[in-house]
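**Q** These are the residues of each chain, in order.
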Amino acid sequence: GDSVTQMEGPVTLSEEAFLTINCTYTATGYPSLFWYVQYPGEGLQLLLKATKADDKGSNKGFEATYRKETTSFHLEKGSVQVSDSAVYFCALSGRAGGTSYGKLTFGQGTILTVHP
Amino acid sequence: SQTIHQWPATLVQPVGSPLSLECTVEGTSNPNLYWYRQAAGRGLQLLFYSVGIGQISSEVPQNLSASRPQDRQFILSSKKLLLSDSGFYLCACPRGGRGYEQYFGPGTRLTVT
Numbered sequence: 001g002d003s004v005t006q007m008e009g010p011v012t013l014s015e016e017a018f019l020t021i022n023c024t025y026t027a028t029g030y031p032s033l034f035w036y037v038q039y040p041g042e043g044l045q046l047l048l049k050a051t052k053a054d055d056k057g058s059n060k061g062f063e064a065t066y067r068k069e070t071t072s073f074h075l076e077k078g079s080v081q082v083s084d085s086a087v088y089f090c091a092l093s094g095r096a097g098g099t100s101y102g103k104l105t106f107g108q109g110t111i112l113t114v115h116p
Numbered sequence: 001s002q003t004i005h006q007w008p009a010t011l012v013q014p015v016g017s018p019l020s021l022e023c024t025v026e027g028t029s030n031p032n033l034y035w036y037r038q039a040a041g042r043g044l045q046l047l048f049y050s051v052g053i054g055q056i057s058s059e060v061p062q063n064l065s066a067s068r069p070q071d072r073q074f075i076l077s078s079k080k081l082l083l084s085d086s087g088f089y090l091c092a093c094p095r096g097g098r099g100y101e102q103y104f105g106p107g108t109r110l111t112v113t
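The listed protein sequences correspond, in order, to chains A and B. Numbering (my numbering) for the first sequence: 1 to 116. Numbering (my numbering) for the second sequence: 1 to 113.
Chain A with its partners taken away, still in its complex shape:
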């Protein structure tokens, strides 16, 4: 079945540092890929998405590129802020017509803490 593997956390950075959170996946066919963010005490918010190979999703300074050859969707940000402290989840959804269409499979989440 489908699966998502994220780098182990927690990740602790100083403000303005470069961020990478690795994500790799296993899926049948060509899934859609997502990054969600969860701020303390809140639900999940969609951060960015990519629906086909070589697509780059971007939002709020974060970027991730859908790499089919390496089955990866790593999250990056050039300069993190204290307000970026949160839990980040990589997820995938299967294509229309498949049994996993519309259902999200999540990685285990990576806790990011940014210090001033």
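Heads up, a few of these hints could be off.
Claimed, not checked - With a cut-off of at most 20 Å between alpha-carbon atoms, the simulated SDA-like pairs for lysine to any residue come out as follows: (1) A:LYS52 - B:PRO94; (2) B:LYS79 - B:GLY16; (3) A:LYS52 - A:THR28; (4) A:LYS60 - A:GLU42; (5) A:LYS77 - A:THR12; (6) A:LYS52 - B:ARG95; (7) A:LYS52 - B:GLU101; (8) A:LYS56 - A:GLY29; (9) B:LYS80 - B:THR24; (10) A:LYS60 - A:THR71; (11) B:LYS80 - B:VAL15; (12) B:LYS80 - B:ASN63; (13) A:LYS68 - A:ASP54; (14) A:LYS56 - B:GLU101; (15) A:LYS60 - A:PRO40; (16) A:LYS60 - B:TYR103; (17) A:LYS60 - A:GLY29; (18) A:LYS52 - B:ARG98; (19) A:LYS77 - A:GLY9; (20) A:LYS60 - B:GLU101; (21) A:LYS77 - A:ASP55; (22) A:LYS52 - B:VAL15; (23) A:LYS68 - A:THR24; (24) B:LYS80 - B:THR10.
Since the hints were made in silico from the structure, they are not lab data.
Use these hints to put chain B onto chain A, whose structure you have.
**A** Quick look at chain B alone, frame taken from chain A:
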């Protein structure tokens, strides 16, 4: 745009007690609806999904059940809670009601004591 409501926001229940969590959606019709659980220190796991009134699919066998009595209402229930049912329960709905881009409600934090 659609809005997902969940209540209660927090709940503390003793082992063996019943459970009812509610999710309602505004701004879309006949949506697919999903229940996820986030256990402490772990990722999210899909529990149930529904493509219409009275239609429920279970992803993981467990102590919980789900029902969809109305088009935009999705309920998660249990007859007798276990300690392992503690967690953060999230309802989700795709943008426009269908598709793969899901949006989440604010969640219910359940603690079973």
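**Q** Give a verdict on every hint.
**A** Status of the hints after comparison with the structure:
1. A:LYS52 - B:PRO94: It holds: about 18 Å lies between the C-alpha atoms, which stays within 20 Å.
2. B:LYS79 - B:GLY16: Given pair LYS79 (chain B), GLY16 (chain B) holds - Cα atoms ~8 Å apart, limit 20 Å.
3. A:LYS52 - A:THR28: 13 Å, holds
4. A:LYS60 - A:GLU42: It holds: about 18 Å lies between the C-alpha atoms, which stays within 20 Å.
5. A:LYS77 - A:THR12: 14 Å, holds
6. A:LYS52 - B:ARG95: 18 Å, holds
7. A:LYS52 - B:GLU101: 14 Å, holds
8. A:LYS56 - A:GLY29: 19 Å, holds
9. B:LYS80 - B:THR24: The hint is violated at about 23 Å.
10. A:LYS60 - A:THR71: Violated. LYS60 (chain A) to THR71 (chain A) sits at ~24 Å, over the 20 Å cutoff.
11. B:LYS80 - B:VAL15: Roughly 7 Å between the alpha carbons, so the hint for LYS80 (chain B) and VAL15 (chain B) holds.
12. B:LYS80 - B:ASN63: 8 Å, holds
13. A:LYS68 - A:ASP54: Answer holds: LYS68 (chain A) to ASP54 (chain A) is near 7 Å, not above 20 Å.
14. A:LYS56 - B:GLU101: 16 Å, holds
15. A:LYS60 - A:PRO40: With Cα atoms ~18 Å apart, LYS60 (chain A) and PRO40 (chain A) stay inside 20 Å; holds.
16. A:LYS60 - B:TYR103: 18 Å, holds
17. A:LYS60 - A:GLY29: Violated, because 29 Å separates the two Cα atoms, which is more than 20 Å.
18. A:LYS52 - B:ARG98: Judged against 20 Å, a Cα distance of about 19 Å means the pair holds.
19. A:LYS77 - A:GLY9: 16 Å, holds
20. A:LYS60 - B:GLU101: Answer holds: LYS60 (chain A) to GLU101 (chain B) is near 18 Å, not above 20 Å.
21. A:LYS77 - A:ASP55: 17 Å, holds
22. A:LYS52 - B:VAL15: 46 Å, violated
23. A:LYS68 - A:THR24: The given pair, whose Cα atoms are some 10 Å apart, holds under the 20 Å limit.
24. B:LYS80 - B:THR10: Judged against 20 Å, a Cα distance of about 18 Å means the pair holds.
Hint violations for this structure: numbers 9, 10, 17 and 22, all remaining hints satisfied.
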